[in-house]
Amino acid sequence: MTNNLTVREVGKSTYDTDSRIFLTEGRSQKLSPVKHQLFICLLDNKNKLVAKEKLLAEAYGDEQKDVNNLYVQMRQLKDIICYDENLEIENKYARGYKLIESRVKK
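Numbering (UniProt numbering), first residue to last: 1 to 106.
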């Protein structure tokens, strides 16, 4: 049984932070630990720009930070959430990323 405190709703989707399962439109995808950290950071700052340096620090901690890997991880994360028409990850060139949640369409 899932603890309701670990399930976060965003757009038309749910994200279980314990199991790292993103569920939208009947599709479920388990996020890697890095994608999980990136998504949580974006989710905690929903509709706000998050600097790429902050995302790198959240996802990789003290490990060597490779910005190219960040781009790949973000592209893959965009592909996972794309089935929810109310969610979008927007890239602000050379600045960072923003998770945009639009009004829920019925």
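Treat each hint with caution, since some may be false.
Listed next, with one range per pair, are the computed distances between beta-carbon atoms [to be verified]: (1) Asp62 / Gly26: 35 to 43 Å; (2) Pro33 / Val7: 14 to 22 Å; (3) Glu58 / Cys82: 20 to 28 Å; (4) Thr6 / Gln64: 16 to 24 Å; (5) Ile100 / Gln29: 18 to 26 Å; (6) Glu9 / Lys65: 18 to 26 Å; (7) Glu9 / Asp62: 26 to 34 Å; (8) Glu90 / Asn69: 31 to 39 Å; (9) Tyr93 / Glu58: 28 to 36 Å; (10) Asn68 / Arg103: 13 to 21 Å.
These are computed hints drawn from the structure, not numbers from a lab.
Think of the CB as a built atom: it goes at the ideal place given N, C-alpha and C, for glycine as much as any other residue.
Unmet hints by their number, sorted upward, for this structure: 4, 6, 8, 9, 10
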